[in-house]
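4 protein chains.
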Amino acid sequence: MTEVTIVGGSGYTGGELIRLLQKHPNVEIKNITSRQYDKTPVNKIHPHIQGSELVFKDINTDKIDSDIIFTATPHGASMNIVPELLETGGKVIDLSGDYRFRDISTYEKWYGIEHVSPMDAVYGLPEIYREEIKKADLVANPGCFPTGAILANLPLSQNNLVDNIIIDSKTGVSGGGVNTNQVFHYPNCADNVIAYKIISHRHGPEIQQELGEYSNVKVSFTPHLVPVIRGIFTTSHSFLNNLVDENIDYTKDIDATKNIDYSKNIDDAKNDIINLYKKQYKNEQFVKILDDGETPNLNSVRGSNFAHIGGFEIDENGRLVVISVIDNLVKGASGQAIQNMNIMCGFKEKTAIDSYGIRP
Amino acid sequence: MTEVTIVGGSGYTGGELIRLLQKHPNVEIKNITSRQYDKTPVNKIHPHIQGSELVFKDINTDKIDSDIIFTATPHGASMNIVPELLETGGKVIDLSGDYRFRDISTYEKWYGIEHVSPMDAVYGLPEIYREEIKKADLVANPGCFPTGAILANLPLSQNNLVDNIIIDSKTGVSGGGVNTNQVFHYPNCADNVIAYKIISHRHGPEIQQELGEYSNVKVSFTPHLVPVIRGIFTTSHSFLNNLVDENIDYTKDIDATKNIDYSKNIDDAKNDIINLYKKQYKNEQFVKILDDGETPNLNSVRGSNFAHIGGFEIDENGRLVVISVIDNLVKGASGQAIQNMNIMCGFKEKTAIDSYGIRP
Amino acid sequence: MTEVTIVGGSGYTGGELIRLLQKHPNVEIKNITSRQYDKTPVNKIHPHIQGSELVFKDINTDKIDSDIIFTATPHGASMNIVPELLETGGKVIDLSGDYRFRDISTYEKWYGIEHVSPMDAVYGLPEIYREEIKKADLVANPGCFPTGAILANLPLSQNNLVDNIIIDSKTGVSGGGVNTNQVFHYPNCADNVIAYKIISHRHGPEIQQELGEYSNVKVSFTPHLVPVIRGIFTTSHSFLNNLVDENIDYTKDIDATKNIDYSKNIDDAKNDIINLYKKQYKNEQFVKILDDGETPNLNSVRGSNFAHIGGFEIDENGRLVVISVIDNLVKGASGQAIQNMNIMCGFKEKTAIDSYGIRP
Amino acid sequence: MTEVTIVGGSGYTGGELIRLLQKHPNVEIKNITSRQYDKTPVNKIHPHIQGSELVFKDINTDKIDSDIIFTATPHGASMNIVPELLETGGKVIDLSGDYRFRDISTYEKWYGIEHVSPMDAVYGLPEIYREEIKKADLVANPGCFPTGAILANLPLSQNNLVDNIIIDSKTGVSGGGVNTNQVFHYPNCADNVIAYKIISHRHGPEIQQELGEYSNVKVSFTPHLVPVIRGIFTTSHSFLNNLVDENIDYTKDIDATKNIDYSKNIDDAKNDIINLYKKQYKNEQFVKILDDGETPNLNSVRGSNFAHIGGFEIDENGRLVVISVIDNLVKGASGQAIQNMNIMCGFKEKTAIDSYGIRP
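Residue numbers (the working numbering), protein chains in the order written: chain A, 1 to 360; chain B, 1 to 360; chain C, 1 to 360; chain D, 1 to 360.
Excised from the complex, chain A in its bound form (with noise of 0.2 Å):
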């Protein structure tokens, strides 16, 4: 049995680790660890979680010593301790920001917070970071805006198809955690949209990081709170660099459209980077990329760990949308941790997450 800790088990992030981890059969919870709620049991905080004996603990970080360390801790938390719990010989999955970024300066510009810990840390999205996730000690798990729009746009990216690319998502509010404010406060946020953080949201140069890895692409991220409990809707906006025309197989040689006058055939188009979307997908087991047609449903995935992606149009002024939908909780946070920890231990990649969402 591989022996997991959870740093941090009181917030949402948290109640879904143990959710999740309760029928993984390879993985036994030691250690749920809370400052407040020590020595309560889990379901007094978590009441879904009704008939486990797992209490919330109050322990020093040099007295844990499982394999797998989940640190479900806010972001300039996660730093002070995370050194520390590698000392003890486990491996860490921080689903905090402060491990994300290649370049600390982005960290602290954005965060407006001193990284007092930097250290390399792979950056926890399976679908580009594999190879290196099955050898890192420590995994930063994505944010879950950037799950979203990295995986409705990567293909973009590292096929040079565009060089702006607007991203208007709209979240759950189980985004902004368990603690209250009047944002999130029912009669404010129910029956009503806000847009916050318009241009300054932390996930917008987390996103242009991995997108810009492979071309000069610059990403305009804009975030919507909707009266929704979780799931993030990312609706992609970009205006492609050439529409191609019916001689040039998209899914063949894409970096050479570079130079090809605009085309008149958007059908075209619109099939090619479809069919791009399912070859760079295809072996993925939680990105489905829908037919044409088919635009995702943010209830489709509601509790998965499921990536939907589809909608793929092209209007008369050449811009392409792509719409990509994921629980915020799982695919954006605990799921994707867990699919993390599977891929560190050898596990079956799926192991404990590939239950479809609850819908309606």
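Hints listed in this document are in silico derivations from the structure and should not be mistaken for laboratory results.
Check each hint, because a few of them may be wrong.
Just so you know, same-sequence chains aren't split out, so a pair can sit in one copy or run between any two.
As the list claims (entries may be wrong) - Dumping the calculated DSS-like pairs for lysine-lysine here, alpha-carbon to alpha-carbon at most 27 Å:
1) K218 to K44
2) K350 to K30
3) K279 to K348
4) K63 to K270
5) K270 to K218
6) K44 to K279
7) K134 to K348
8) K23 to K63
9) K282 to K39
10) K279 to K135
11) K39 to K57
12) K44 to K135
13) K134 to K279
14) K279 to K197
15) K278 to K44
16) K348 to K23
17) K44 to K63
18) K350 to K57
19) K44 to K282
20) K350 to K23
Fit chains B, C and D to the supplied structure of chain A, relying on the hints for placement.
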């Protein structure tokens, strides 16, 4: 492998059967029938079942050759096919109301139609009829409201503690099924509460049938529609026949209380009631009795087969409140149907249905 | 122009007073006080009041010089300022619970605090106390649950038709006020139903006080939180003392029914009940009795001062169901406060509060 | 008294016209037509209009004898009756799409039907066409998305500041009308986000028509359905042609900026943009430009005729975000229709439509 057929798989209960059975290690889905969607891939109708190869088929009843047949058909339709399905040699679990009533005239009165094929069936509530279900060829899966209401009140009736029970239920909208109507139109039922069939809902006599087996208790039932997708929250109000003094132990000799003087000691009575419930359900995996002071949350059972019961309080007028929550599509329909299948087939009763709820 | 001051204007009831009073032709808002938001424009806190020049002020109680003073302050706070406010010569309409109880010990028991300034006040439910309100200097504006529950049951108590009433109320979340807490956090209360203070809500004794004036009826009250922004849906269950035979006319001599044999004729009784309610409220502009067969919709009164009452049904057990709906912030708070002001000032009672609800 | 007729009064826009006109001091509703509900009291279909004596009538078009006729009929239906209605001598305000397009072929392409009675109409957006509306006999009331999108982008087009605009709109479900379908079924669209007609919504060319009047701007439009009853939240993304250095005053000579070098000073540009908007709408009663740092809330305009515009931010890529919010049934339909009527009849423009929104 046990082969199963789902007759009428395009609705919500059909979708839930598919979702849950896909993870069942002992079962293979052989057919999912639908006249309307013949030859359509299942994921076109249930877009969360993305990646499955299942396809709807329109097959004749007598061609169905399966060990277990779930009839997720409307009331009035089931009775036309169940006899023929039983003749194929398969065992039938009927999710409609057609076989739930032991007195056929009650069915005909409340459903307003003549029953064309009355026959003996076992009422599929495992917490009462587990032994009968083991041997049954035809199980009538309970209604959603009755499941929550009977579990919440069974100890009261079996121990003759109350004469009248007022059941004020609040249901999510998925209980109305996948077909549209003006009531379930989003702009109508969002941000709204609606009472319907205030004294005339046909789940009333179904509750009465089961609770009335043990005493002369009279059930008064009123359902409400609340802006929730899934779940039934049942508030039961009843006046205790006798409030117990401290010399009486409710958990031991409860029938004897009938002629005891009203007590001053409401707290003792409350504790006795809680203990009575804990004793009643102590071997039930899917019924959780909450501790004193805890009230069930509907969202703790979302997507799960669990029933939580709690909220035991007695006010100065001697009114007892008992609250139960279930997911109407799982414990109230498809999950319970699979629980019945597990019992009928000798599988572990919890197989494929023991996931915790999705919260938040 | 009548000058008014709103003490404590930053919460929901303050916002509603401002919204409604801005359209009142006879009234000028002189002050809106707030300690926290001193000198802040009102539209920074109430962003729907866009374009208004109003600004919050932090002014001493004794400096308030207005004809009418609304105290939209929490219970426990009002009693500290009301005596001084009355000394300024203004009339006070208090929206807290501090002056609603005729028996001060009931207040102190249920609110858990000592009352520092008990004094006579008129209970501000115009449908009962209109004549007293006309002459009052201090009006205690009723609670939101009591407004809906008393209107729904007043004829039953006044005519001695029932001994016990079970009031099962479903409230929108704005009833909890503008301050955040874990219960009202969107991810917790969306898609959920929660019962709270199952037998211990302090609106229970307030309902009991008013309905108990006319008979020995005993009130049992349980509130529920539903995912609705505004509105209280009250389901009242009671067993009719006597079901009437056709020789009795409920609308004429209802007290005489007390000793009549149970009747078979439920339909006649139902009609009698409906007529009784229509008679009771026939001169009330804000109480609408629905026709036989109609049930109130919560969304029909959203944003309005109306109460709709309907759903009159009697089941085979003799249980009568009566349903009322109000907007908790309007008829249940600020709208009713303005209705009281209109009565106290001799304005037309409906001025500024006769808009229909916003539906859908 | 001005007499008005509402043709097709049983839908949501009909209901809003009734709700608002009931408080109009200069207007009497003479007829509300409905073929389906002939002789039915209005409050049976619009239960919030409780207490009114209005009754639906099925009357022939040529029998309508009113000063103002609102046609709240579906597109395709209006063009069959408007010519005859104009012959009665009444002025017509058409809420359908039938008369919104100056180029009839655009209408026929996007609506997919032949126009049987093309004629000149004034596009009823008072913020552009007030003078023309004063003299019009036929006003084409704008679509809901176009109202929000045009108001949010008019200054950008008129001052030639951008070449492309991406309009990502989020609408409440009432925009889909009162008729049911699978998409608007509560269990489907609650807790969900849905993109639809991603590049093919017919409000796209309507927005293009109006914004394209002043520059060569190209509009790309994608609507989303969010779980909100009322309201349209429009996020406009566009890349500024030139970011201005501090020597240029956007509010004075904005056309001259076209050939200016990109600037470093984003803050100045932002302030210029805000001032430009404030100048544009300074005499408009129903358009409120929010201060720097404020973003519009959808729920601030619920039930009101106001449009709030704000959120002006420019990111490092030169992308400008502008956000507008309206209530789709009021400023986006019936409220704007009454605003047009007020202008046509010489009433104060704000009569009967100047209530603040219902918040929370």
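Checklist entry - Hints broken by the structure, by number, lowest first? => result Numbers 1, 4, 12, 18 - these are the hints that the structure violates, sorted from lowest upward.
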